[in-house]
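Spelled out from the first residue to the last, the chains are:
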Amino acid sequence: MEIVSSPEKEKEHELTPKAFTKLLAKLSPDPEIGGREYEELRRRLIKFFEWRGSLFPEDLADETLNRTARKIDGGEEIEKNVIALALGVAHFVFLETSRRPDNRRATLEELISVAAPPEHRLEDDDLRVTYLRECLHSLPKESRELIIEYYREEGRAKIDDRKALAEKLGISLNALFSRAKRIRHRLEQCVTLRLKRKFGGSSVQRPSARKAPQTGGDTQ
Amino acid sequence: MKHTQDSEDLIERYLLGELSVAERTALENEYLADKAKYDQVCRVEDDLLYRYARGALSQADRECVERQYLTNPWRRRHLEFAKALAQVIDGELATRSAAKRITGVSWRSRLDALPGVLRGVLRLIPAIAALVVISGGTWLAIETSRLRVRLREAQHEVEAQQQSAQTQLRKITELETQYQRLTEEHESLVAQLLAAQKTGSSHFAPVLLTISVEEFRGPAAQGTKTLLIPRGAAGAQLRLNLTENAFQSYRVTLTAEDGSEAFRKNGLKPRADKAGHFVILNLPASRLTNGDNVLSLSGISPTGEAEPLGKSILKVRRQ
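Residue numbers (my numbering), protein chains in the order written: chain V, 82 to 301; chain W, 4 to 322.
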């Protein structure tokens, strides 16, 4: 069994506004669309690092984008597109961080003397359910019904039900999934916020994400 | 469909850390470049965690999920949320299902759940209700008809009573008119009577009977005269005609039917008119009794001796 130790954030090369603007421009000539594309790429990179088992996927995603922007700002040739460039950088970042000493995994025996953080696991579970129920009922009725219908069945019935639900709403299955994902994300945020209020952030084991520098365009 | 299933199986193996480096890199390149692929990976992960939360995974897959997700705080967060979501949604669905069972059970199925006797009784309710409605309707029609007849009768009675009342009113009016008239007559008669009584107390009534001396000289039975005394009369005045005037004065005696002397009058002076000599006798009504009275006439001589001249029967009738 492996336990994780916290790394130092990489601060050697900060992202400049000029480099960031060039990255957005490569994603789309329209700054607004470029901003949305940037956020979409960041989400995928976060999931990439998460599925790779990274402990701090947001930090690695931001590092990947920073390095990509600096490459573009430094005049590096883009063979295919920005996404392909970012993908190559992401592989490199992951390999690099996984080899660093401060990012290594230690055995339980090595960390046996380290004081354990406050454990609220069982209480968290009950509270999470309670808060989630409250958050579910605080949703608009349409969203609440959608998420309940979306998760109501398993197996073959689930597929059929989702198709029927998508037809009923007049949308595709992918659009249905996107809506369910957004609602689920809202619920997660709602529950996380309530848990934070309850425990002062001790039960939320998530590092703060590094924000991209603001430019003249809307990057949200 | 087969391709999709294979694709989803591949993604699931990726998420569980079972792909080779080449397979993993190919998939990563695909979903980073293709949003639809990325969404598919997210959907497969979402389903995988939800199935884990509901205990729908095999033991081997379950262990793989735990190895990949529980050892990573970031990924464990998704698993915990999936477990909470499954619990909350299952609870919601259970609540709704229970509510649906309560509200959605048909009356017939509820009826079937009752005990046999009660069920039998309840099954008769529609028939009983129909019978009650029919009986009630019939009763209502009969009762309405009966009440209408009674109403007509009552109306007739009222009309008859009104006519009777009008008739009685007319009679009362007539009687009042008659009473008024009689009262007036009575008052008039009383006034006449009072006037008569006033007159009668100082004067005798006018002459009612005239008797000739010849009648006194004949048999008493031949001289029967009837003297009618009206109600309220104070007395009667008799004119006694004299065939010859041989005396200076005369005396008259009235004897009642029982033989007692009822009246005597002396010193009656003779008078004369075209018809001859006569005397006037005033008889008080109080001295006259019903029945045959004997009236005796005598002449008084200058020496004061009385010479009987005759008797006449006077039949008195008081009104």
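It should be emphasised that the hints constitute simulated quantities derived from the structure, not laboratory data. Check before you lean on any hint, since a few could be wrong.
Pairwise CB distance ranges, derived in the manner of DEER restraints [to be verified]:
no. : chain 1 : residue 1 : chain 2 : residue 2 : range
1   : V       : Ser253    : W       : Ile131    : 43 to 51 Å
2   : W       : Ala25     : V       : Phe280    : 39 to 47 Å
3   : V       : Asp206    : W       : Ala97     : 14 to 22 Å
4   : W       : Lys38     : V       : Gln270    : 16 to 24 Å
5   : V       : Asp206    : W       : Asp37     : 33 to 41 Å
6   : V       : Arg133    : W       : Lys38     : 14 to 22 Å
7   : V       : Glu157    : W       : Asp37     : 19 to 27 Å
8   : W       : Ser100    : V       : Leu176    : 22 to 30 Å
9   : V       : Lys222    : W       : Ser100    : 12 to 20 Å
10  : W       : Thr28     : V       : Ile240    : 24 to 32 Å
11  : V       : Lys222    : W       : Thr28     : 38 to 46 Å
12  : W       : Thr74     : V       : Gln270    : 20 to 28 Å
13  : W       : Thr74     : V       : Asp206    : 17 to 25 Å
14  : V       : Glu157    : W       : Ala63     : 43 to 51 Å
All residues carry an ideal CB built from backbone N, CA and C; glycine is no exception.
Now the hints, each set against the structure:
no.: 1; hint: V/Ser253 x W/Ile131: 43 to 51 Å; verdict: violated (58 Å)
no.: 2; hint: W/Ala25 x V/Phe280: 39 to 47 Å; verdict: holds (43 Å)
no.: 3; hint: V/Asp206 x W/Ala97: 14 to 22 Å; verdict: holds (19 Å)
no.: 4; hint: W/Lys38 x V/Gln270: 16 to 24 Å; verdict: holds (22 Å)
no.: 5; hint: V/Asp206 x W/Asp37: 33 to 41 Å; verdict: holds (36 Å)
no.: 6; hint: V/Arg133 x W/Lys38: 14 to 22 Å; verdict: holds (19 Å)
no.: 7; hint: V/Glu157 x W/Asp37: 19 to 27 Å; verdict: holds (24 Å)
no.: 8; hint: W/Ser100 x V/Leu176: 22 to 30 Å; verdict: violated (51 Å)
no.: 9; hint: V/Lys222 x W/Ser100: 12 to 20 Å; verdict: holds (19 Å)
no.: 10; hint: W/Thr28 x V/Ile240: 24 to 32 Å; verdict: holds (29 Å)
no.: 11; hint: V/Lys222 x W/Thr28: 38 to 46 Å; verdict: holds (44 Å)
no.: 12; hint: W/Thr74 x V/Gln270: 20 to 28 Å; verdict: holds (24 Å)
no.: 13; hint: W/Thr74 x V/Asp206: 17 to 25 Å; verdict: holds (18 Å)
no.: 14; hint: V/Glu157 x W/Ala63: 43 to 51 Å; verdict: holds (45 Å)
The structure fails hints 1, 8 (numbered hints given earlier, in ascending order).
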